[in-house]
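Spelled out, the chains give:
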Amino acid sequence: MTDPVDILIIGSGASGGAFAWSMADTRMRIVCLEQGDWVKPTDYPANGRDWEARRYSDSDILPNRRQLPADYPVNDDNSITKIATYNAVGGGTVHYAAHFPRLHPSDFRVKSLDGVAEDWPITYRTLEPFFTENDRMMGISGMANDPSYPEHDYPMPPIPPGRSGTRFAETMNRLGWHWWPSAAAIATQEYEGRAACINLGHCLPGCAQGAKASTDITYWPQAIRSGVELRTNCRVREITVGPDGMATGAIYYDRDGQEVFQPAHVVVMAANGIGTPRLLLNSTSERFPNGLANSSDLVGRNLMLHPWPVVQGWFHEEMDGQRGPIVSLWSKQFYETDLSRGFTRGYMLQFGRGPGPVGEAQAGLESGRMPWGEGHHAAMRRYHHRRAHIGVACDDLPEQHNRITLDPHLKDSHGIPAPRIDYTLSPNTAAMMEHGIARATELMREAGAHTTTVSREILNYPGHLLGTCRMGTNPATSVVNEWGRSHDVRNLFVIDGSVFVTGGGVNPTSTIQAIALYIANEMKQRLDTLFD
Amino acid sequence: MSNTLANPPPSWGDPNLSDQEKRTLAAMCARMIPASDEYKVPGADDPLIQADIAKSLGRDATAVHEALALLDRLAGGDFAALPVAKQDEACATLRAEGGMNLTLTTRIVLQCYYRDDRVMISLGMEPRPPFPKGHVLPQGDWSLLDPVRARGKIWRDA
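Protein chains in written order, with the numbering used here: chain A, 1 to 532; chain B, 533 to 690.
Hints are supplied without guarantee of correctness; some may be wrong.
[Stated by the list, open to error] With a cut-off of at most 20 Å between alpha-carbon atoms, the simulated EDC-like pairs for lysine to aspartate or glutamate come out as follows:
(1) B:K618 x A:E374
(2) B:K665 x A:D153
(3) A:K524 x A:D6
(4) B:K685 x A:D153
(5) B:K665 x A:E190
(6) A:K111 x B:E570
(7) B:K587 x A:D50
[As the list claims (entries may be wrong)] Which chain B residues stay away from chain A? Per the calculated CB distances, all over 10 Å, these:
(8) S534
(9) K554
(10) R555
(11) D604
(12) L614
(13) P615
(14) E621
(15) N633
(16) P662
(17) H667
(18) P670
(19) D673
Hints are computed from structural coordinates only; laboratory data are not their basis.
Cβ atoms here follow ideal geometry from the backbone N, Cα and C, with glycine treated the same way.
Work out the full structure, taking the sequences as your base and the hints as a guide.
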């Protein structure tokens, strides 16, 4: 057993880093447990000639493929969307595309506006100052005053659109569609010790340049300088509770495999929308036989994964290939509800560039566009660096049967039960996907693509893990209250994507971090009455 | 809980190819991506590329062993010993029946082929890692946004 701490944070990713930094000014004793390690920029794939190969091995987005010691397995056989995670200091921000849109005001009011799902207990305006603070801390590039949002600006100018972005922009102008330069957590100029983006290529497996904002290089250095202790290689097994029903700390395995109990006055879950419910469900006791904070039976339910079909297009002219950040533009033309489309809610179109030669050749051989034999070389030169893509980011409404449970057989390397995912598409989401695929294909053709393909059955796996400990004011229909405190355990907080009430149709990291900063602020304002 | 792996676990399969498997792999690669004088590239059966493949099986070692074993079975025992026309027939069957094992094997071949200096130069790429030089992304013309701005607000008040 170690000395008690005031606040114990589980997970050092998007939310854990932001929360730790914000709470550091209280001068309380704060410890964060992270099951992974620090990853050195010199270890990222862009440093080597095998950069593209490593995207399919130790830098794959899927933990089931990576199988690194820091990873835990996930049974996602019964889910069309596979589970993408990364376990290291910085968590998923090390491996994300850094696309950084905020949820829209309407996303917080889906029941009131559209009669579906539930309203959030907070609004866009609640989070607005924290969006701004987070943009500053993460260092976001973008262009002010997008007409699809309330007015706001960014610390840095946007990523250049490149050949593909310009082609799509010109095309959408002809179609009369909305588009805007993507907000991205990528430095376009020197920023707070970070170097500017030099277009190393795909950003997913970590940025060797340090231009991509992951919390290991943004929030954590400042939090640690302010006195927060970050303990790596520590895998938490369960949250413990006392006879009064309050959390008492956590039991974890340290880097040597030794079991350690860390007592704490407050426990904060920041292990993402899969890891947090997994830990809570693994934390059973006589008082909480169905898992911690689970009197509503909603821990693990309402999982939202953002179904994300992708339309690929090949052009006669050279495009950007892998020579730039993945993201360039977004379009919110179909974001807000229009029932004439045959579904409620909407989607974002996310415009991206192309793959490297391995990705192109692999897709060509699998599809038959490139033959085996003599014709391979000529075919490769017709397709290489001539591709761009459009992702359809669907607002995936919560359904209780989409959920995480504990797999009865699968365990991690410490014998801790692994999560099992059961997830299906609703008719509304399926209709939305088809609408988005049709519009994206129409746009591709209008832009001049001579060949298009659609990924319907093998969806993109965005790693957006949301909704499994939703926030709300009613303990019967939510897991945590409107400022992240468990309804059942008054010194247990959830600050990650688990608390989302609905998913929106955009990448969630900006909103996840704004919520973490908001909850930290609420806690600081309520220190005297935190457990009342 | 490290983010790197010192050694491949046994569950990934034998990381080494037998001599017979190496012969079969090289012959298959020659049919998949042959050398080309026109494009000034080696075939995927080039000894340097084959050596790279042989040490790159990693997580897919079992898949590679099984794909090569299937190809030899389709060839009646020794794919490399067949005449070229018969090899192409066996490859056609392999492509129809090889499934995920062939997909993963093909990916390893492509990963090694398309990082070879000669091949990258032929494609117009510099034979180097992305870092530290990076790439140049053409700047755009943000005046293209004028019509979007002119249409005005599209977000819903809530």
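Hint by hint, here is what the structure shows:
| no. | hint | result |
| --- | --- | --- |
| 1 | B:K618 x A:E374 | holds, 16 Å |
| 2 | B:K665 x A:D153 | violated, 30 Å |
| 3 | A:K524 x A:D6 | holds, 13 Å |
| 4 | B:K685 x A:D153 | holds, 16 Å |
| 5 | B:K665 x A:E190 | holds, 16 Å |
| 6 | A:K111 x B:E570 | violated, 63 Å |
| 7 | B:K587 x A:D50 | holds, 12 Å |
| 8 | S534 | violated, 5 Å |
| 9 | K554 | holds, 20 Å |
| 10 | R555 | holds, 18 Å |
| 11 | D604 | holds, 18 Å |
| 12 | L614 | holds, 15 Å |
| 13 | P615 | holds, 15 Å |
| 14 | E621 | holds, 12 Å |
| 15 | N633 | holds, 14 Å |
| 16 | P662 | violated, 4 Å |
| 17 | H667 | violated, 4 Å |
| 18 | P670 | violated, 5 Å |
| 19 | D673 | violated, 7 Å |
Consistency with the previously given hints fails for numbers 2, 6, 8, 16, 17, 18, 19, ordered from lowest to highest.
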